[in-house]
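Chains as they are written, first to last, in the numbering used here: chain A, 190 to 423; chain B, 557 to 639.
Quick caveat, the hints were computed from the structure, so don't treat them as lab data.
Each hint should be verified, as a subset may be incorrect.
Unchecked claim - No farther apart than 30 Å at their CA atoms in a straight line, the calculated lysine-lysine pairs in the DSS-like style are these:
(1) A:Lys224 to B:Lys614
(2) B:Lys614 to B:Lys597
(3) B:Lys576 to B:Lys597
(4) A:Lys224 to B:Lys597
(5) B:Lys567 to B:Lys597
(6) A:Lys321 to A:Lys224
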Amino acid sequence: MKFGIVVFPGTWSERDTQYAVQDVLGQPARLIWHKETDISDCDAIVLPGGFSYGDYLRCGAIARFSPIMESVREFAGRGGPVIGICNGFQVLCEAGLLPGALVRNEHLEFRCEWVNLRIERADTIFTNTAAKGQLLRVPISHGEGNWQSDSETVRRVEDNGQVLLRYADASGNVSEATNPNGSTNGIAGIINERGNVLGLMPHPEKACETLIGGADGNVLFESMMRSATAAIRS
Amino acid sequence: MFLARIRVSLKPTVNDPQGKTIAQALGRLGFDTIDSLRAGKYFEVRIDEYDRAAAEKKVQAMCTQLLANPVIERFDFDLDPVS
């Protein structure tokens, strides 16, 4: 599975993402400058973490208008897998590819720490190598990861099963105490209705080897690889 | 030429931790009668249009497409002719 990793001015996690999918998981990957528009060689698109356009105006608000985003929109519209990590999640929300918005952390602090993520569904292309309720230990690193939306949208996202990951404790319990940023219902990651676009605040690419503290983040990329293989066979 | 003064703020239903923190800091300074405080953004945009309706339409479009995120924010603006 060839991963295309989008680089906006201010993106900083593209090399780590490339290392995770290419060096650790053995998949071809290339960096895509945001002015490019041809992504026809890619099987999956990653919008990695960082501070695109210096987080000016709102996180992700300017990146959304980069030329690459029209191609990403078309790619997602055709059912192509897209994963937005941290700033990438913010870009996907600003672009309307995912519902809601990410606002300032409730306590106003930038949080850089390891968290437990509870997998809410194992029947998606991002989690099919995991089990429902399984915990992933992955770091967060953000100041604006507080997912908010109007109550109608929150209800729809919950009812549709679009919540894929929630912040939990080591036993899998989700509570206010396990919520690092005030995000609604402890939401750490959501998918679109079709299930081919995922946005999450934690950094799976920074949990790709036990040497750096854990390899749980690989689950998401491995699941994408598995579903791609299954699609080719079927 | 028109000058648009645009104000963007979080919707009343969206929590504003920044505003709350500023209110607390003002409280510590002795401003003990603050009932509530909401933080927002302010833009001044000079627009090279000579028709008010056209300028208004453009400002409206700027706000909905970029300056405000309709999911969490609301906006309003004044439009004044300037030389």
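Outcome of the hint check:
1. A:Lys224 to B:Lys614: Measuring from Cα to Cα gives roughly 26 Å; hence the hint holds.
2. B:Lys614 to B:Lys597: holds (19 Å)
3. B:Lys576 to B:Lys597: Distance of about 16 Å is within 30 Å: holds.
4. A:Lys224 to B:Lys597: holds (29 Å)
5. B:Lys567 to B:Lys597: holds (13 Å)
6. A:Lys321 to A:Lys224: Not OK: Lys321 (chain A) and Lys224 (chain A) at ~39 Å, beyond 30 Å, violated.
Checked against the numbered hints given earlier, this structure breaks only hint 6.
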